[in-house]
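Protein chains: 2
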Amino acid sequence: MLVSYTEENYLKAIFALSRLYNDQEVSTNQISEHLKNKAASVTDMLKRLADKKLIDYKPYKGVKLTDKGKKTAVKVIRKHRLWEVFLVEKLNFKWDEVHDIAEQLEHIDSDKLIEKLDDFLGKPKADPHGDPIPDASGKFGVQKSVALSDASKRSALIVTGVSDHSTEFLQFLSNSGISLGNQLKIEEYNDYDRSITVKINNKRSLFLSHKAASNILVEIK
Amino acid sequence: MLVSYTEENYLKAIFALSRLYNDQEVSTNQISEHLKNKAASVTDMLKRLADKKLIDYKPYKGVKLTDKGKKTAVKVIRKHRLWEVFLVEKLNFKWDEVHDIAEQLEHIDSDKLIEKLDDFLGKPKADPHGDPIPDASGKFGVQKSVALSDASKRSALIVTGVSDHSTEFLQFLSNSGISLGNQLKIEEYNDYDRSITVKINNKRSLFLSHKAASNILVEIK
DNA sequence: GCCCTATTTTAGTCTAACCTAAAAATTTGT
DNA sequence: ACAAATTTTTAGGTTAGACTAAAATAGGGC
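As you go down the protein sequences, you meet chains A and B in turn.
Heads up, the first sequence is in my numbering, so the first residue is 637 and it goes up one at a time.
Heads up, the second sequence is in my numbering, so the first residue is 637 and it goes up one at a time.
Since the hints were made in silico from the structure, they are not lab data.
Heads up, some of the hints might be wrong.
[Stated by the list, open to error] Calculated lysine to any residue pairs in the SDA-like style (CA-CA distance at most 25 angstroms, straight line):
| no. | chain 1 | residue 1 | chain 2 | residue 2 |
| --- | --- | --- | --- | --- |
| 1 | A | K726 | B | F805 |
| 2 | B | K759 | A | E725 |
| 3 | B | K726 | A | H743 |
| 4 | A | K748 | B | F729 |
| 5 | A | K748 | B | T679 |
Given the sequences, and given the hints that come with them, work out the whole structure.
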């Protein structure tokens, strides 16, 4: 069965949101904010996706992707990230220019094309933003930790370690309420002094200097 | 003003048909056959394209592209052919596999992408089928190819392209052992059904129906 | 010039994907 | 526990782009 451009975007949004919120059910409003359309339109589409067995949908209770829906979403993500690598490494785009173009290219429908592109690029493991590229079977490779200051904005992150082991820093973390295993999401990135605001476990917000952020290690969930 | 995927396909069809028929007005039926839509749907779309000043449309009298429409059509053709070069030269697709994929890629909307792709490919002058690639300003290089069915007997001819890009036809050519750059010479011309016999590279002889010959483009050596 | 045939347009439907406004269900606060 | 606030769904409308069936127009042959 064919999945439209628009349906793919909904599946991708649901996949991203469910990762962000600990694999919980995703609500209609979350999707509507993410895609910037009205909640009523989302309900409409959810019914269509449920008919196609791409999601499990119980009215008022949110949605989850089925295996079929997850497979479709992951494939779109694979295509998106491979195209981003192509744009940056082969066509010399800057990493912050490629998103909108990849947003279009990700919907090109040809399995043979994806695999040949993957070969051409040398089977890269991550895109230019550091986000992992799932393999042809849909598996994401093991994550390598990066500094929080280098992490990409849209992903859900897990605190895995620190690179400054001083008592002062560890105390600072403790006072700030950050500990190993916490989930972080970058909310804002200030170009001026490279400070950031993060949300911890989807609850509190916290301001962090670049210095602090550069010493916190995270991996993409 | 934005031009949709579907509108681009209509403009491309009108451009191709008007070239095929000496820049005359293109009829509703010609377009409907070319795109395999019903004539009523075509009329519908012609009105929309006329509203957007992409075509000149007089009911019952056929259509012509305006300068704006021609510019849009040529840009789509440029994109299509550049992507075909990419697919064949970089991703190692065979020349008869690329049409359907390029048909999707041609609608990706980013001027910067086209120009960077053009640079990456070394600003090619023709696609893998021998069709010329217009430059960024929309100019085609000189083209003097004619249909094999219209070529004169006895001259040495070089295969430069095809006018039917269907997989079926390209496969047929491949099976018949005809490829770009081959030298052909017309040996016999049968008035009854306008079929011909050609000699390929001064070696093998091959029988070709008028239909096949009319879709092979050659230039006089 | 007029009839016949082929082409083209009009009129009315359909579906996907959006929208607004109103109703229904759920969650929250006290 | 129940009223208020929030979220979600329903109902009904819009647009692009397709369709079928019927009406209008154009063009060729006599």
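The hints, checked one at a time:
1. Proposed proximity of A/K726 and B/F805 is contradicted: the alpha carbons are some 33 angstroms apart, above 25 angstroms.
2. About 18 angstroms separates the Cα atoms of B/K759 and A/E725, which keeps this hinted pair within 25 angstroms; it holds.
3. At roughly 20 angstroms between alpha-carbon atoms, B/K726 and A/H743 fall within 25 angstroms of each other, so this suggested pair holds.
4. Using a Cα cut-off of 25 angstroms, the hinted pair A/K748 and B/F729 holds, with the two alpha carbons roughly 9 angstroms apart.
5. Note on A/K748 and B/T679: the hinted pairing is violated, with a Cα-Cα distance of about 37 angstroms set against a maximum of 25 angstroms.
Going through the hint list in order, the structure does not satisfy hints 1, 5.
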